[in-house]
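**Q** Spelled out, the chains give:
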Amino acid sequence: MSGHIIETMMLTKKYGDFTAVDQLEMTVDEGEIFGFLGPNGAGKTTTILMLMGLSVPSSGTAKVVGYDIVEESREIRKVASVLPEYSSLYGELTAYENLDYIGKLNDIPKEEREDRVEEMLEIVRMSEWADSKLESFSRGMKQRVGIAAALIKEPKVAFFDEPTLGLDPIGTKEIRELIIRLNKEQDLTAVLTSHLLPEIQMTCSRVGIINKGRMVVTETLENLSKEMTGAEDRSVEFRLSDVPQGLIGELEAISGVKSVTQENGRLYVYSGIDSDYDVSKTITDHGAVILMMRPREYTLEEIFMKYYEEG
Amino acid sequence: MAGTLTVAQKELRDQFGSKRFLILFGLVLLLSTLAAYQGVDFIRDNTAAGFVYIFSGTQMSFSFIQTMVYFGPLLGLALGFDAINKERANGTLSILLGQPIFRDSVINGKFLAGATALATLVVGTIVIMSGVAIPLLGFGPTFTEASKIIVLMLLTIIYLVFWMCLGILYSVLTKRTSTSIMASIATWLTFSIVITILASVVSGFLAPLPGGEFRVQTEDGRFQMTPEFMEAMQKRNAIMSNIRKISPTNLYQDAASDILGVAGGFMRGMGFQQFQRTLTLGEALAANWANIAAIVVGLVICFAGSYILFLRSEIRPGE
Numbered sequence: 001m002s003g004h005i006i007e008t009m010m011l012t013k014k015y016g017d018f019t020a021v022d023q024l025e026m027t028v029d030e031g032e033i034f035g036f037l038g039p040n041g042a043g044k045t046t047t048i049l050m051l052m053g054l055s056v057p058s059s060g061t062a063k064v065v066g067y068d069i070v071e072e073s074r075e076i077r078k079v080a081s082v083l084p085e086y087s088s089l090y091g092e093l094t095a096y097e098n099l100d101y102i103g104k105l106n107d108i109p110k111e112e113r114e115d116r117v118e119e120m121l122e123i124v125r126m127s128e129w130a131d132s133k134l135e136s137f138s139r140g141m142k143q144r145v146g147i148a149a150a151l152i153k154e155p156k157v158a159f160f161d162e163p164t165l166g167l168d169p170i171g172t173k174e175i176r177e178l179i180i181r182l183n184k185e186q187d188l189t190a191v192l193t194s195h196l197l198p199e200i201q202m203t204c205s206r207v208g209i210i211n212k213g214r215m216v217v218t219e220t221l222e223n224l225s226k227e228m229t230g231a232e233d234r235s236v237e238f239r240l241s242d243v244p245q246g247l248i249g250e251l252e253a254i255s256g257v258k259s260v261t262q263e264n265g266r267l268y269v270y271s272g273i274d275s276d277y278d279v280s281k282t283i284t285d286h287g288a289v290i291l292m293m294r295p296r297e298y299t300l301e302e303i304f305m306k307y308y309e310e311g
Numbered sequence: 312m313a314g315t316l317t318v319a320q321k322e323l324r325d326q327f328g329s330k331r332f333l334i335l336f337g338l339v340l341l342l343s344t345l346a347a348y349q350g351v352d353f354i355r356d357n358t359a360a361g362f363v364y365i366f367s368g369t370q371m372s373f374s375f376i377q378t379m380v381y382f383g384p385l386l387g388l389a390l391g392f393d394a395i396n397k398e399r400a401n402g403t404l405s406i407l408l409g410q411p412i413f414r415d416s417v418i419n420g421k422f423l424a425g426a427t428a429l430a431t432l433v434v435g436t437i438v439i440m441s442g443v444a445i446p447l448l449g450f451g452p453t454f455t456e457a458s459k460i461i462v463l464m465l466l467t468i469i470y471l472v473f474w475m476c477l478g479i480l481y482s483v484l485t486k487r488t489s490t491s492i493m494a495s496i497a498t499w500l501t502f503s504i505v506i507t508i509l510a511s512v513v514s515g516f517l518a519p520l521p522g523g524e525f526r527v528q529t530e531d532g533r534f535q536m537t538p539e540f541m542e543a544m545q546k547r548n549a550i551m552s553n554i555r556k557i558s559p560t561n562l563y564q565d566a567a568s569d570i571l572g573v574a575g576g577f578m579r580g581m582g583f584q585q586f587q588r589t590l591t592l593g594e595a596l597a598a599n600w601a602n603i604a605a606i607v608v609g610l611v612i613c614f615a616g617s618y619i620l621f622l623r624s625e626i627r628p629g630e
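Chains as they are written, first to last, in this note's numbering: chain B, 1 to 311; chain C, 312 to 630.
To be clear, the hints were calculated from the coordinates, so they are not data collected in a lab.
Misleading hints may appear alongside valid ones.
What the hints assert, rightly or not - DEER-style ranges, computed between Cβ atoms: (1) Y15(B) <-> T490(C): 18 to 24 Å; (2) D115(B) <-> K397(C): 28 to 34 Å; (3) S329(C) <-> G31(B): 29 to 35 Å; (4) G442(C) <-> E118(B): 43 to 49 Å; (5) M305(B) <-> T501(C): 55 to 61 Å; (6) S511(C) <-> R74(B): 52 to 58 Å; (7) T591(C) <-> R74(B): 32 to 38 Å; (8) T490(C) <-> R74(B): 28 to 34 Å; (9) I334(C) <-> R74(B): 38 to 44 Å; (10) F454(C) <-> V70(B): 55 to 61 Å.
Unchecked claim - To spell it out: a stretch of chain B is covered by chain C in this simulated footprint if at least three of its residues, at any positions, have a beta carbon under 8 Å from a beta carbon of chain C; those stretches are: (11) 45-55; (12) 95-106; (13) 289-295.
A quick note: this is a predicted structure, and the numbers were derived from the prediction, not measured.
A virtual CB, placed ideally from N, CA and C, is assigned to each residue, including glycine.
Please take these sequences and the hints and turn them into a complete structure.
**A** Here's what the structure looks like:
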């Protein structure tokens with residue numbers, strides 16, 4: 001298994017002429033929360049459906065918990081769970097009945113099932129509404145019951161497909177914290193998909209960015225951010241006490257400085273990180289005082305956009 | 312198998328709890344109980360009539376068989392038309408199939424639950440009708456009559472399950488429940504009403520009645536139909552009855568009426584042979600085996616089709 005709980009090899013899915021997932025390569029390690037990021041229609045859900053054995057790949061293959069997704073999909077469904085996007089449990093059943101049904105489908109014996117349903121409802125804080133019908137719940141509550149249903153089989157890995165879609169900020173926070181807690185307390189490996197960056201930023205240790213069915217990059221969030229800001233030029237904003245004559249010309253002469261512009265009393269120096277020392281020194285040598293110096297860092301939003309556009 | 316039974320159990324609970332099923336059951340019970348009262352009246356007035364008239368009805372009344380002919384397709388289709396596509400539309404299918412069950416457990420379980428619900432409906436209706444009739448009449452069915460009623464019961468269950476399987480097939484073929492419900496209603500109307508209209512139009516076209524005088528006066532002053540007219544009428548009837556045979560409702564009606572051994576119902580016979588034909592159960596089955604086989608074959612084709620299509624279908628995002 002080589003430490004990877006999920007491993008795909010050239011995984012491809014075509015619907016007619018449309019290629020939803022294109023030679024996807026990805027690995028997820030045991031115990032991590034992996035963020036699967038990409039715009040709508042990038043192929044995230046299709047990938048998950050294939051990994052759960054619900055959809056058959058057109059070519060390529062993958063292993064989940066060591067089982068082949070085509071040959072041993074039923075084994076996978078014993079140890080992996082999915083909380084599908086837009087999905088719902090049965091509206092006409094109560095929260096308890098829904099979980100009980102899922103438990104039965106997993107062949108959990110009656111007594112153990114009763115205990116586990118209670119426990120799961122406790123974990124997602126829905127015990128109070130155990131006997132209310134699912135259709136009477138808010139989206140956030142439904143999602144919590146959905147997570148409980150996904151956990152009833154005590155899976156090794158769980159796929160959460162856009163778990164916070166359509167939730168209010170409080171609901172979003174609750175779900176996010178729940179997933180982190182499950183990861184820590186129950187050693188659950190989680191794959192979380194989202195098209196929203198902050199979502200991933202706050203929960204995941206590692207992200208894979210997918211676009212048009214292809215994995216564009218897989219990296220830890222830190223590295224991703226470093227990679228973007230380290231090597232490349234960026235703009236540094238200066239607020240100075242005054243801008244002496246000739247300063248701009250001299251700054252432009254420093255090697256590594258690409259351009260200098262003055263706007264609204266601010267100076268924007270476009271350069272690499274190595275030139276920062278020389279730039280500041282030149283300014284103070286001219287008798288001006290630096291009131292503020294702020295390198296404009298790439299937000300993850302921009303990293304994200306960059307990869308989206310590349311794909 | 313465990314998965315199948317779990318699904319069946321859940322689906323059966325859904326069926327019995329659904330307003331749809333309760334409304335249809337109520338409607339069938341109402342019509343059947345009324346038919347039972349009429350049957351009791353008829354039997355009291357005609358000493359030659361046996362207990363089975365409770366179910367077959369009389370020339371001019373509405374019977375259990377008639378209820379099944381007209382509402383049977385609706386009952387069966389109503390229990391099947393959204394079996395699969397409702398799960399797709401609600402997004403429950405991916406959660407259900409995300410459990411460690413074989414995919415066929417889902418469709419087998421739904422079939423089992425629907426068939427059980429329909430069997431309960433038929434048995435329940437027949438028991439209640441008997442429960443109404445026996446105290447009023449003061450006597451019950453003889454052994455022969457009871458066996459006829461049991462065979463009728465089985466035939467009715469198979470007939471209703473056939474319609475349910477057609478409904479399940481629609482639910483596999485269509486994405487939306489609104490499409491499959493329209494297909495179901497169209498099917499129901501076609502086989503219970505349109506086919507009869509079609510039969511008369513086609514037969515009129517293929518066997519036009521000769522023009523001119525349709526009757527002649529014989530020497531003793533009575534009127535008689537002309538031979539040409541008689542021939543055209545017979546031809547027309549033959550064509551009509553063949554077209555009617557396309558419809559499972561008519562196959563069922565013919566078989567069911569023969570099993571009870573009486574020509575019942577206002578649509579059948581049109582003659583004055585109320586007590587002339589009394590087939591034994593064996594004779595009835597021998598005469599109608601093709602009809603019964605056609606219904607069974609239809610059931611098997613619809614279910615096998617749904618089964619194969621469902622197993623091969625894709626689970627798309629959002630389902």
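**Q** Now tell me, hint by hint, if it's right for this structure.
**A** Each hint tested on the structure:
For Y15(B) and T490(C), the hinted distance range of 18 to 24 Å is satisfied, since their beta carbons lie about 21 Å from each other. Between D115(B) and K397(C) the Cβ separation comes to about 32 Å, which falls inside the hinted range of 28 to 34 Å. Distance hint check: the CB atoms of S329(C) and G31(B) are about 45 Å apart, inconsistent with the given range 29 to 35 Å. The beta-carbon spacing between G442(C) and E118(B), approximately 44 Å, falls within the hinted interval of 43 to 49 Å.
The hinted range of 55 to 61 Å is satisfied by M305(B) and T501(C), whose Cβ atoms lie roughly 57 Å apart. Checked against the given bound of 52 to 58 Å, the beta carbons of S511(C) and R74(B), roughly 55 Å apart, stay inside it. Between T591(C) and R74(B) the beta carbons are some 52 Å apart, a value that contradicts the proposed interval 32 to 38 Å. For the hinted restraint 28 to 34 Å between T490(C) and R74(B), the CB-CB distance of approximately 32 Å keeps it satisfied.
In this structure, I334(C) and R74(B) meet the distance hint of 38 to 44 Å, their C-beta atoms being roughly 39 Å apart. Taking 55 to 61 Å as the suggested C-beta distance range, the pair F454(C) and V70(B) conforms, at roughly 58 Å. Coverage of a stretch by a chain is defined here by at least three residues with a beta carbon nearer than 8 Å to that chain's beta carbons; for the region 45-55 of chain B and chain C the count is 6, and the condition holds. Against chain C, the region 95-106 of chain B contributes 5 residues with a C-beta closer than 8 Å to a partner C-beta. That satisfies the three-residue criterion, and the hint holds.
Evaluation of the coverage hint for the region 289-295 of chain B: breached, as 0 residues show C-beta separations to chain C shorter than 8 Å, against a requirement of three.
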